[in-house]
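Protein chains in written order, with the working numbering: chain A, 657 to 886; chain B, 1468 to 1802.
Think of the hints as simulated: they come from the structure by calculation, not from any bench. Please note that a few of the clues may not be correct.
As the list claims (entries may be wrong) - Label pairs and their calculated CB-CB ranges:
#1 B:D1597 to A:A807: 46 to 56 Å
#2 B:L1654 to A:E706: 34 to 44 Å
#3 A:V857 to B:A1748: 18 to 28 Å
#4 A:R809 to B:E1655: 32 to 42 Å
#5 B:E1627 to A:E706: 40 to 50 Å
#6 B:V1681 to A:A788: 30 to 40 Å
#7 A:A748 to B:Q1791: 54 to 64 Å
#8 A:P785 to B:D1597: 57 to 67 Å
#9 A:V857 to B:D1574: 47 to 57 Å
#10 A:P867 to B:E1627: 34 to 44 Å
#11 B:Q1615 to A:P785: 29 to 39 Å
#12 A:P867 to B:Q1553: 52 to 62 Å
If you're wondering where the values come from, they're calculated on a predicted model, not measured in any experiment. Glycine residues also receive a C-beta, built at the ideal position from the N, C-alpha and C atoms.
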Amino acid sequence: MSATDPIGGPCGEHRELWSHGGGAAPPERGHAAECSACAAWQRRLQRSLEVLAGLPRLASPAQLEGCVAGALRGEGRLARAIARVRELGRRAPPRELELAVEQRAGELAHGRRAPGVLERLVEEELADPGKARSRRFVGSLERFSAPALLAERLSASLATAFPPTRRRGVAWTALAAATLALLTWAVALRGGADEPRLRVVHPHSTQFLDPMARGWIDAVSGGVLAARDL
Amino acid sequence: MASLHRPKLRLLLLAVALGCGQGPGAPGPDGGSQLATAGAQSLLQKMVLAPSSVAYQGVRRVEAHWQIASAPQDLAYRELVSGDGQGGFAIDPLEVLQPQLTRPEVDIFQLLQKGREGFLYRYRDFRVSDLGLFLASYSATDSGVISQVAGRSCAQLTIEPRTDSDRLWRAWVDIETGLVLRAREELEDGTLVSLMEFESLSLAPDLSQVQFHVPINEELPLPETELAVKLGFPLAKPKLLPAGYQLTDTASVTDITDHRAWAKLTYGDGLEQVIFLHGGAVGAQGLTGLGADVVQSLAVGPWTVLQGQVQGQRVIAMGKVGEQALLDMVESAFF
């Protein structure tokens, strides 16, 4: 359906059905699955319902309850109530309600977003939780040194298994294999992560600091830089 | 330094761990910690208020034993510190003990130190500025020993961050006033990083000759909403903060070299502070010739300083936090 078509036909039926609570199907199903305009309309309606549902509920005045109870007392109260309701004209929503809906919709549409860096960190974590955990904890593990007895046994075994002329070749082969494995692991680790947005360089001296930064860090730190560089 | 062991006083004042997750009045294993915890809370409250509510004057020794760009750097000096008990303060340098400086060098150093006494007082000195934040980020444990510092009876506290850290503090707190009379910042292995120690103290000082601190960097405390108006550029505000830190102050400061205004956002965890400076658009000269979205990071003792230009904006951040924490702050302010 184009944007200029009147609302009728399948679109009109669908919207009528949906407006009266018969359209429980989400936008991606039913008529809306084939009609982008109705799907958009349905999403807007759902959004409005969510917004309205999020508004604070105001209590009716106590007098109203008394009036309603009085009007409904006695025989034919249901008929009288229906007649009174039918007499009521359709009222436009008060301006306060419109403003409240607009404000709530604005909050939902432009609500606080997490900073980009947080999104990146979470994405990295979700993309490979195991890797993230490993990176976080491996660095803090205590490094154990191999017992001297193990080194002695390995030396003895090596001497027995390989004559001195072959031992050097075996060692180089093992070293090359270990280096290759480390490189492969490092590339794989780096390949999965998004690049940070900032590039960090580490100057070798405080002389590279901007005068403003240098002055501040010297001041807050008690004059260590000044005493050194006088 | 004389050490006195007084079990009753120790129990009454500070016998158990302070702020270790137990609320005031929580019973301890010995059944006597309720009083002790109340006493401890009282002392911590005194520590927060003392610098601005107690009139005092004393000579103190300050030391820093730092690594800067992997080179050791030692500094030691004496200074006269005065407080009028109403928020006024002054720090007057007396002598430089280390390194060895010539007389003209000493004169220049002391001139510099007097000019930035406000920084020394607010950022260098050990101070609990917010008890709630402090207790959320640190645990404080009393050793149970009453020590004498500058002739005053002090409780000896060990203060450790609740998060992983390689540093801790030992503070000697005057039981009567709450003034911190000695503070040692140490690495976990006991290596001394910084020291402040009163060598003498008067609680009835003659302050008539004291020249109290007057700000010289035109720092103007402003609410966040007024800051952007004053600066003339939209304020970049970090959204990701180091653990335990909260925004404590916003102000505009003026760079005395080019008279440009910067936004200064100060974040604190009750003890330490991180300073975030946003200088607006990068000028024609840039910031130390750095490229776009490049920041320099340097460790200066326990401090990390970050400077650079991000999204065409000048930014400086510094604090006793790791490089990654500062990077997260900067990145979250601009992206």
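Cross-check of the supplied hints:
1. Restraint check, D1597 (chain B) to A807 (chain A): a C-beta distance of roughly 54 Å satisfies the suggested window 46 to 56 Å.
2. Against the hinted window of 34 to 44 Å, the Cβ-Cβ separation of L1654 (chain B) and E706 (chain A) comes to about 54 Å, which falls outside the hint.
3. Our hint of 18 to 28 Å for V857 (chain A) and A1748 (chain B) holds, since their Cβ atoms are close to 22 Å apart.
4. The hint said 32 to 42 Å for the Cβ distance between R809 (chain A) and E1655 (chain B), and at roughly 36 Å that hint holds.
5. Judged by the Cβ atoms, the range 40 to 50 Å given for E1627 (chain B) and E706 (chain A) holds: they are separated by roughly 47 Å.
6. About 50 Å separates the C-beta atoms of V1681 (chain B) and A788 (chain A), a value inconsistent with the hinted range of 30 to 40 Å.
7. Between A748 (chain A) and Q1791 (chain B) the Cβ separation comes to about 56 Å, which falls inside the hinted range of 54 to 64 Å.
8. Checked against the given bound of 57 to 67 Å, the beta carbons of P785 (chain A) and D1597 (chain B), roughly 36 Å apart, lie outside it.
9. The supplied range of 47 to 57 Å is broken by V857 (chain A) and D1574 (chain B), whose beta-carbon atoms lie about 36 Å from each other.
10. A beta carbon spacing of about 36 Å between P867 (chain A) and E1627 (chain B) agrees with the range 34 to 44 Å that was offered as a hint.
11. In this structure the hint that Q1615 (chain B) and P785 (chain A) lie 29 to 39 Å apart at CB is violated, the actual value being about 54 Å.
12. Hint check: P867 (chain A) to Q1553 (chain B), Cβ distance near 35 Å, so the stated range 52 to 62 Å is violated.
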